[in-house]
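Student: Sequence:
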Amino acid sequence: MFNKFPRPFQKTLLPGVALLLWMGLAACEGGPRVKMAPGYEATSTPVSAQADVMGTPKPTKVPPTPTPEPLTLDNNRYSLPSRALVFQIPLGWTLTSESGNYARFEAPDKTAWMEAAVESSGYALPAENFQIYTENMRQALYANADSQNLLERQSEESRAVYVTSFSKEGVFWYAYDVFIQKEKAIYSFSFQTVQRLWDAYLPGFGSVVASAETNTGYVSADMIYSFMRSYASPNSQFTLTIPMSWTFTLGQDKLKNALLDMVVSPDGNAGVTIVAYNAGEELKNKDVGQVSIPIIKELEDQELHIRSTDLLNDGRIRVNWQIDGKGIQGYSFFWQDQSIVYIFTLKYADKYAGTYKEVMDNIGDSFRFPGES
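All residue numbers for the sequence shown refer to my numbering, where the first residue is 34 and numbers rise by one.
Please note that a few of the clues may not be correct.
[Unchecked claim] Result set (DSS-like, lysine-lysine): computed pairs, CA atoms no more than 27 Å apart in a straight line:
1. 359 with 289
2. 330 with 317
3. 390 with 215
4. 319 with 287
5. 384 with 217
6. 359 with 330
If you're looking for bench data, these hints aren't it; they were derived computationally from the structure. Note that the structure is predicted; figures quoted are calculated from it, not measured.
Whenever a hint applies, use it, and build me the whole structure from the sequences.
Tutor: Structure, rendered in C-alpha coordinates:
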(Lines of atoms letter the chains of each structure in order from A and count residues from 1; the text may use other names and numbers.)
(Lines give C-alpha, C1' and ligand atoms only; values in the text may rest on other atoms or scores of the structure.)
Protein backbone atom coordinates (compact mmCIF):
# COMPACT_ATOMS: atom_id res chain seq x y z
CA MET A 1 0.00 0.00 0.00
CA PHE A 2 3.02 2.27 0.44
CA ASN A 3 3.41 2.55 -3.45
CA LYS A 4 0.38 4.82 -3.55
CA PHE A 5 2.24 7.71 -1.91
CA PRO A 6 3.91 10.33 -4.29
CA ARG A 7 7.63 9.85 -4.70
CA PRO A 8 9.07 13.28 -5.89
CA PHE A 9 12.74 12.34 -5.35
CA GLN A 10 12.92 9.35 -7.73
CA LYS A 11 14.24 11.31 -10.73
CA THR A 12 17.64 10.33 -12.24
CA LEU A 13 20.57 12.36 -10.85
CA LEU A 14 22.33 14.65 -13.31
CA PRO A 15 25.76 13.34 -14.41
CA GLY A 16 27.58 16.32 -12.85
CA VAL A 17 25.95 15.90 -9.50
CA ALA A 18 26.78 12.21 -9.53
CA LEU A 19 30.44 13.01 -10.22
CA LEU A 20 30.64 15.45 -7.28
CA LEU A 21 29.16 12.89 -4.93
CA TRP A 22 31.68 10.27 -6.03
CA MET A 23 34.58 12.65 -5.46
CA GLY A 24 33.29 13.60 -1.99
CA LEU A 25 33.06 10.00 -0.89
CA ALA A 26 36.55 9.29 -2.12
CA ALA A 27 37.94 12.25 -0.16
CA CYS A 28 36.23 11.10 3.04
CA GLU A 29 37.72 7.64 2.70
CA GLY A 30 41.26 8.93 2.91
CA GLY A 31 40.70 12.03 5.08
CA PRO A 32 41.16 12.62 8.84
CA ARG A 33 39.28 10.35 11.30
CA VAL A 34 37.89 10.94 14.75
CA LYS A 35 40.47 9.84 17.35
CA MET A 36 39.15 7.11 19.65
CA ALA A 37 40.39 6.15 23.10
CA PRO A 38 43.61 4.06 23.14
CA GLY A 39 42.91 0.40 22.49
CA TYR A 40 39.38 0.98 21.24
CA GLU A 41 40.03 -0.51 17.82
CA ALA A 42 41.84 -3.45 19.40
CA THR A 43 38.93 -4.49 21.55
CA SER A 44 37.96 -8.11 21.20
CA THR A 45 34.32 -7.47 22.13
CA PRO A 46 32.22 -8.58 19.19
CA VAL A 47 29.81 -6.09 17.73
CA SER A 48 26.89 -8.27 18.69
CA ALA A 49 27.78 -7.93 22.38
CA GLN A 50 28.67 -4.23 22.49
CA ALA A 51 25.10 -3.42 23.49
CA ASP A 52 25.82 -5.20 26.78
CA VAL A 53 28.91 -3.06 27.37
CA MET A 54 26.69 0.03 26.98
CA GLY A 55 24.30 -1.22 29.68
CA THR A 56 21.51 -3.00 27.79
CA PRO A 57 20.94 -6.34 29.54
CA LYS A 58 21.16 -9.57 27.63
CA PRO A 59 17.85 -11.34 27.19
CA THR A 60 17.43 -14.04 29.82
CA LYS A 61 15.53 -17.25 29.45
CA VAL A 62 12.39 -17.33 31.64
CA PRO A 63 11.79 -20.81 33.02
CA PRO A 64 8.37 -22.15 32.06
CA THR A 65 5.67 -22.09 34.75
CA PRO A 66 5.30 -25.63 36.04
CA THR A 67 1.99 -27.25 35.14
CA PRO A 68 0.00 -28.03 38.31
CA GLU A 69 -0.49 -31.71 38.97
CA PRO A 70 -4.11 -32.90 38.89
CA LEU A 71 -5.66 -34.17 42.10
CA THR A 72 -5.38 -37.85 42.97
CA LEU A 73 -7.99 -39.32 45.29
CA ASP A 74 -7.13 -41.34 48.37
CA ASN A 75 -8.25 -44.96 48.08
CA ASN A 76 -9.42 -44.87 51.70
CA ARG A 77 -12.95 -43.55 52.02
CA TYR A 78 -14.03 -40.99 54.61
CA SER A 79 -17.37 -41.10 56.43
CA LEU A 80 -19.10 -38.25 58.22
CA PRO A 81 -19.58 -39.13 61.91
CA SER A 82 -23.33 -39.37 61.26
CA ARG A 83 -22.61 -42.01 58.57
CA ALA A 84 -25.06 -40.25 56.26
CA LEU A 85 -22.33 -39.51 53.67
CA VAL A 86 -19.19 -41.43 52.60
CA PHE A 87 -16.71 -40.23 49.94
CA GLN A 88 -13.08 -40.14 48.82
CA ILE A 89 -10.87 -37.13 49.53
CA PRO A 90 -7.84 -35.78 47.64
CA LEU A 91 -4.65 -37.62 48.55
CA GLY A 92 -2.63 -35.82 51.23
CA TRP A 93 -5.39 -33.42 52.28
CA THR A 94 -5.92 -32.92 56.02
CA LEU A 95 -9.14 -32.99 58.04
CA THR A 96 -9.37 -29.57 59.75
CA SER A 97 -12.94 -29.53 61.11
CA GLU A 98 -15.59 -32.15 61.80
CA SER A 99 -19.04 -32.53 63.36
CA GLY A 100 -21.82 -35.07 63.04
CA ASN A 101 -22.93 -33.91 59.60
CA TYR A 102 -20.04 -31.72 58.41
CA ALA A 103 -16.34 -32.05 57.52
CA ARG A 104 -13.67 -29.75 56.10
CA PHE A 105 -10.40 -30.78 54.42
CA GLU A 106 -7.45 -28.63 53.36
CA ALA A 107 -4.56 -29.02 50.91
CA PRO A 108 -1.06 -29.13 52.48
CA ASP A 109 -0.12 -25.73 51.00
CA LYS A 110 -3.52 -24.19 51.91
CA THR A 111 -4.21 -23.25 48.28
CA ALA A 112 -7.40 -25.31 48.22
CA TRP A 113 -9.96 -26.82 50.55
CA MET A 114 -13.29 -28.62 50.49
CA GLU A 115 -16.36 -28.96 52.69
CA ALA A 116 -18.91 -31.78 52.74
CA ALA A 117 -22.19 -31.68 54.64
CA VAL A 118 -25.70 -33.01 54.92
CA GLU A 119 -28.82 -31.49 56.45
CA SER A 120 -32.54 -32.14 56.24
CA SER A 121 -35.34 -30.01 54.85
CA GLY A 122 -37.89 -32.13 56.74
CA TYR A 123 -39.37 -33.53 53.55
CA ALA A 124 -38.47 -33.65 49.84
CA LEU A 125 -38.68 -30.08 48.56
CA PRO A 126 -40.43 -29.45 45.22
CA ALA A 127 -38.01 -28.46 42.44
CA GLU A 128 -38.71 -24.72 42.69
CA ASN A 129 -38.19 -24.73 46.47
CA PHE A 130 -35.01 -26.78 46.13
CA GLN A 131 -33.67 -24.16 43.71
CA ILE A 132 -34.43 -21.41 46.25
CA TYR A 133 -32.57 -23.47 48.86
CA THR A 134 -29.44 -23.84 46.70
CA GLU A 135 -29.42 -20.19 45.57
CA ASN A 136 -29.63 -19.01 49.18
CA MET A 137 -26.89 -21.41 50.29
CA ARG A 138 -24.54 -20.17 47.57
CA GLN A 139 -25.19 -16.55 48.51
CA ALA A 140 -24.56 -17.32 52.18
CA LEU A 141 -21.30 -19.15 51.44
CA TYR A 142 -19.75 -16.08 49.79
CA ALA A 143 -21.53 -13.31 51.70
CA ASN A 144 -18.28 -12.28 53.41
CA ALA A 145 -16.18 -12.18 50.23
CA ASP A 146 -14.87 -8.81 49.02
CA SER A 147 -16.49 -9.57 45.65
CA GLN A 148 -18.12 -12.58 44.03
CA ASN A 149 -19.47 -13.47 40.61
CA LEU A 150 -21.59 -16.43 39.51
CA LEU A 151 -19.92 -17.91 36.41
CA GLU A 152 -22.02 -21.00 35.75
CA ARG A 153 -25.17 -22.68 37.03
CA GLN A 154 -26.59 -26.10 36.21
CA SER A 155 -29.97 -26.94 37.72
CA GLU A 156 -31.92 -30.17 37.65
CA GLU A 157 -34.90 -31.37 39.68
CA SER A 158 -32.78 -32.71 42.55
CA ARG A 159 -29.27 -31.48 41.74
CA ALA A 160 -27.65 -28.06 41.33
CA VAL A 161 -24.07 -27.10 40.43
CA TYR A 162 -22.56 -23.60 40.73
CA VAL A 163 -19.21 -22.18 39.66
CA THR A 164 -18.31 -18.94 41.43
CA SER A 165 -15.29 -16.64 41.36
CA PHE A 166 -14.62 -14.54 44.42
CA SER A 167 -11.89 -12.45 46.01
CA LYS A 168 -10.89 -12.04 49.61
CA GLU A 169 -8.02 -9.97 50.98
CA GLY A 170 -6.61 -9.52 47.47
CA VAL A 171 -6.57 -13.23 46.57
CA PHE A 172 -8.77 -14.55 43.75
CA TRP A 173 -10.47 -17.91 44.15
CA TYR A 174 -12.72 -20.22 42.19
CA ALA A 175 -15.43 -22.34 43.82
CA TYR A 176 -17.34 -25.43 42.74
CA ASP A 177 -20.52 -26.09 44.74
CA VAL A 178 -22.75 -29.13 44.32
CA PHE A 179 -26.12 -29.75 46.03
CA ILE A 180 -27.95 -33.08 45.78
CA GLN A 181 -31.42 -33.76 47.21
CA LYS A 182 -32.43 -37.29 48.14
CA GLU A 183 -35.79 -37.52 49.86
CA LYS A 184 -35.63 -35.28 52.98
CA ALA A 185 -31.81 -35.04 52.87
CA ILE A 186 -29.76 -32.41 51.05
CA TYR A 187 -26.08 -33.26 50.51
CA SER A 188 -23.61 -30.53 49.64
CA PHE A 189 -19.99 -30.30 48.52
CA SER A 190 -18.10 -27.02 48.33
CA PHE A 191 -14.62 -26.81 46.78
CA GLN A 192 -12.44 -23.68 46.67
CA THR A 193 -9.02 -23.17 45.11
CA VAL A 194 -6.78 -20.31 44.03
CA GLN A 195 -7.29 -19.20 40.45
CA ARG A 196 -4.09 -20.70 39.01
CA LEU A 197 -4.98 -24.24 40.15
CA TRP A 198 -8.59 -24.22 38.99
CA ASP A 199 -8.19 -26.01 35.64
CA ALA A 200 -5.97 -28.70 37.15
CA TYR A 201 -8.14 -29.36 40.20
CA LEU A 202 -11.66 -29.17 38.75
CA PRO A 203 -11.72 -32.77 37.39
CA GLY A 204 -10.63 -34.01 40.82
CA PHE A 205 -13.44 -32.08 42.50
CA GLY A 206 -15.90 -33.80 40.20
CA SER A 207 -14.37 -37.18 41.06
CA VAL A 208 -14.91 -36.55 44.78
CA VAL A 209 -18.61 -35.89 44.16
CA ALA A 210 -18.88 -38.96 41.92
CA SER A 211 -17.40 -41.12 44.69
CA ALA A 212 -20.10 -40.14 47.20
CA GLU A 213 -22.33 -42.75 48.82
CA THR A 214 -25.41 -41.45 50.63
CA ASN A 215 -27.58 -43.01 53.32
CA THR A 216 -30.72 -41.06 54.16
CA GLY A 217 -31.49 -43.50 56.97
CA TYR A 218 -28.90 -41.69 59.10
CA VAL A 219 -30.43 -38.25 58.50
CA SER A 220 -32.15 -37.41 61.79
CA ALA A 221 -34.70 -34.81 62.87
CA ASP A 222 -32.05 -32.66 64.56
CA MET A 223 -30.49 -32.09 61.11
CA ILE A 224 -33.50 -30.10 59.85
CA TYR A 225 -32.07 -26.75 58.69
CA SER A 226 -29.13 -27.20 61.05
CA PHE A 227 -26.63 -24.96 59.22
CA MET A 228 -27.09 -21.45 60.54
CA ARG A 229 -25.82 -17.92 59.91
CA SER A 230 -25.79 -14.95 62.26
CA TYR A 231 -28.27 -12.09 62.00
CA ALA A 232 -28.08 -8.65 63.65
CA SER A 233 -31.27 -6.61 64.06
CA PRO A 234 -31.65 -2.93 63.14
CA ASN A 235 -29.53 -0.79 65.47
CA SER A 236 -27.78 -4.05 66.53
CA GLN A 237 -30.35 -4.32 69.31
CA PHE A 238 -30.05 -8.13 69.35
CA THR A 239 -28.66 -11.09 67.40
CA LEU A 240 -30.09 -14.41 66.19
CA THR A 241 -28.91 -17.47 64.31
CA ILE A 242 -31.09 -18.32 61.30
CA PRO A 243 -30.81 -21.12 58.70
CA MET A 244 -28.35 -20.31 55.91
CA SER A 245 -30.71 -21.53 53.20
CA TRP A 246 -33.58 -19.19 54.08
CA THR A 247 -34.36 -16.02 52.12
CA PHE A 248 -33.33 -12.76 53.79
CA THR A 249 -35.18 -9.56 52.82
CA LEU A 250 -33.84 -6.72 54.93
CA GLY A 251 -34.59 -3.04 55.46
CA GLN A 252 -38.11 -2.88 54.07
CA ASP A 253 -40.10 0.29 54.70
CA LYS A 254 -43.64 -0.98 54.09
CA LEU A 255 -44.60 -0.01 57.67
CA LYS A 256 -44.84 3.67 58.58
CA ASN A 257 -42.05 4.86 60.90
CA ALA A 258 -40.56 1.37 60.99
CA LEU A 259 -37.93 -0.89 59.44
CA LEU A 260 -38.93 -4.46 58.62
CA ASP A 261 -36.65 -7.48 58.16
CA MET A 262 -38.10 -10.77 56.93
CA VAL A 263 -36.57 -14.25 56.70
CA VAL A 264 -38.57 -17.03 54.99
CA SER A 265 -37.99 -20.78 54.58
CA PRO A 266 -37.44 -22.10 51.02
CA ASP A 267 -40.98 -23.49 50.87
CA GLY A 268 -42.59 -20.41 52.44
CA ASN A 269 -44.15 -22.41 55.27
CA ALA A 270 -42.16 -20.76 58.07
CA GLY A 271 -40.74 -17.32 58.67
CA VAL A 272 -39.24 -14.75 60.99
CA THR A 273 -40.08 -11.03 61.05
CA ILE A 274 -38.28 -8.28 62.95
CA VAL A 275 -39.74 -4.79 63.30
CA ALA A 276 -38.03 -1.68 64.68
CA TYR A 277 -40.78 0.91 65.17
CA ASN A 278 -40.02 4.52 66.08
CA ALA A 279 -42.77 5.58 68.49
CA GLY A 280 -41.38 9.12 68.72
CA GLU A 281 -41.14 8.95 72.50
CA GLU A 282 -40.57 6.43 75.27
CA LEU A 283 -43.83 4.64 76.06
CA LYS A 284 -45.30 3.36 79.29
CA ASN A 285 -45.21 -0.41 79.67
CA LYS A 286 -48.92 -0.89 78.96
CA ASP A 287 -48.65 1.25 75.83
CA VAL A 288 -45.90 -0.94 74.34
CA GLY A 289 -48.42 -3.76 73.92
CA GLN A 290 -51.07 -1.41 72.57
CA VAL A 291 -48.62 -0.34 69.87
CA SER A 292 -47.18 -3.80 69.13
CA ILE A 293 -50.32 -5.93 68.75
CA PRO A 294 -51.81 -3.80 65.91
CA ILE A 295 -48.48 -3.97 64.07
CA ILE A 296 -48.38 -7.76 64.40
CA LYS A 297 -51.94 -7.99 63.07
CA GLU A 298 -51.13 -5.65 60.19
CA LEU A 299 -48.28 -7.92 59.15
CA GLU A 300 -49.97 -11.27 59.73
CA ASP A 301 -53.77 -11.05 59.67
CA GLN A 302 -56.49 -9.05 61.39
CA GLU A 303 -58.11 -12.36 62.44
CA LEU A 304 -55.06 -13.22 64.55
CA HIS A 305 -56.18 -14.64 67.89
CA ILE A 306 -54.00 -14.25 71.02
CA ARG A 307 -53.83 -17.47 73.01
CA SER A 308 -51.59 -16.38 75.92
CA THR A 309 -49.07 -13.77 77.09
CA ASP A 310 -46.03 -13.95 79.34
CA LEU A 311 -43.57 -11.44 80.83
CA LEU A 312 -39.98 -12.71 80.54
CA ASN A 313 -37.12 -12.08 82.95
CA ASP A 314 -35.25 -9.92 80.41
CA GLY A 315 -38.20 -7.51 80.12
CA ARG A 316 -39.65 -8.81 76.88
CA ILE A 317 -43.32 -9.71 76.56
CA ARG A 318 -44.15 -12.96 74.73
CA VAL A 319 -47.48 -13.38 72.95
CA ASN A 320 -48.59 -16.77 71.58
CA TRP A 321 -51.11 -16.52 68.75
CA GLN A 322 -52.80 -18.35 65.91
CA ILE A 323 -54.76 -17.61 62.74
CA ASP A 324 -57.42 -20.29 62.46
CA GLY A 325 -58.60 -19.34 58.98
CA LYS A 326 -55.08 -19.72 57.52
CA GLY A 327 -53.83 -22.60 59.65
CA ILE A 328 -50.87 -20.59 60.96
CA GLN A 329 -49.49 -20.39 64.48
CA GLY A 330 -46.71 -18.31 65.95
CA TYR A 331 -45.39 -16.25 68.79
CA SER A 332 -44.05 -12.73 69.08
CA PHE A 333 -41.81 -10.86 71.50
CA PHE A 334 -41.91 -7.10 71.98
CA TRP A 335 -40.12 -4.54 74.16
CA GLN A 336 -38.82 -0.99 73.91
CA ASP A 337 -35.45 0.72 74.05
CA GLN A 338 -35.96 4.46 74.57
CA SER A 339 -38.34 5.50 71.77
CA ILE A 340 -37.87 2.35 69.62
CA VAL A 341 -40.28 -0.58 69.96
CA TYR A 342 -38.88 -3.92 68.78
CA ILE A 343 -41.11 -6.81 67.66
CA PHE A 344 -39.66 -10.25 66.91
CA THR A 345 -42.05 -12.87 65.48
CA LEU A 346 -41.69 -16.57 64.57
CA LYS A 347 -44.43 -18.40 62.68
CA TYR A 348 -45.12 -21.60 60.74
CA ALA A 349 -48.00 -23.42 59.07
CA ASP A 350 -49.88 -25.90 61.27
CA LYS A 351 -49.53 -28.53 58.55
CA TYR A 352 -45.72 -28.34 58.79
CA ALA A 353 -45.41 -28.08 62.55
CA GLY A 354 -43.49 -31.37 62.64
CA THR A 355 -40.86 -29.87 60.33
CA TYR A 356 -40.59 -26.38 61.75
CA LYS A 357 -41.53 -26.27 65.44
CA GLU A 358 -38.09 -27.30 66.71
CA VAL A 359 -36.32 -25.13 64.12
CA MET A 360 -38.29 -22.05 65.18
CA ASP A 361 -37.71 -22.79 68.87
CA ASN A 362 -33.96 -23.00 68.17
CA ILE A 363 -34.07 -19.62 66.42
CA GLY A 364 -35.96 -18.13 69.35
CA ASP A 365 -33.51 -19.61 71.85
CA SER A 366 -30.58 -18.07 69.95
CA PHE A 367 -31.81 -14.54 70.82
CA ARG A 368 -29.10 -12.47 72.52
CA PHE A 369 -28.89 -8.87 73.65
CA PRO A 370 -25.44 -7.25 73.11
CA GLY A 371 -22.89 -8.61 75.56
CA GLU A 372 -24.85 -11.75 76.41
CA SER A 373 -23.17 -15.10 75.89
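Student: Work down the list of hints and note, for each, if the structure agrees.
Tutor: Going through the hints against the structure:
1. A threshold of 27 Å between alpha carbons decides the hint, and for residue 359 with residue 289 the separation of about 26 Å falls inside it, so the pair holds.
2. For the hint pairing residue 330 with residue 317, the CA-to-CA distance comes to about 21 Å; that is within 27 Å, so the pair holds.
3. Distance restraint check for residue 390 and residue 215: the Cα-Cα separation of roughly 22 Å lies within the 27 Å cut-off, and the hinted pair is therefore satisfied.
4. The straight-line distance between the Cα atoms of residue 319 and residue 287 is roughly 25 Å, inside the 27 Å bound, and the hint therefore holds.
5. Between residue 384 and residue 217, the direct Cα distance comes to roughly 16 Å. Compliance with the 27 Å bound is thereby established for this hinted pair.
6. For the proposed pair residue 359 and residue 330, the alpha carbon gap of about 13 Å is at most 27 Å, so the pair holds.
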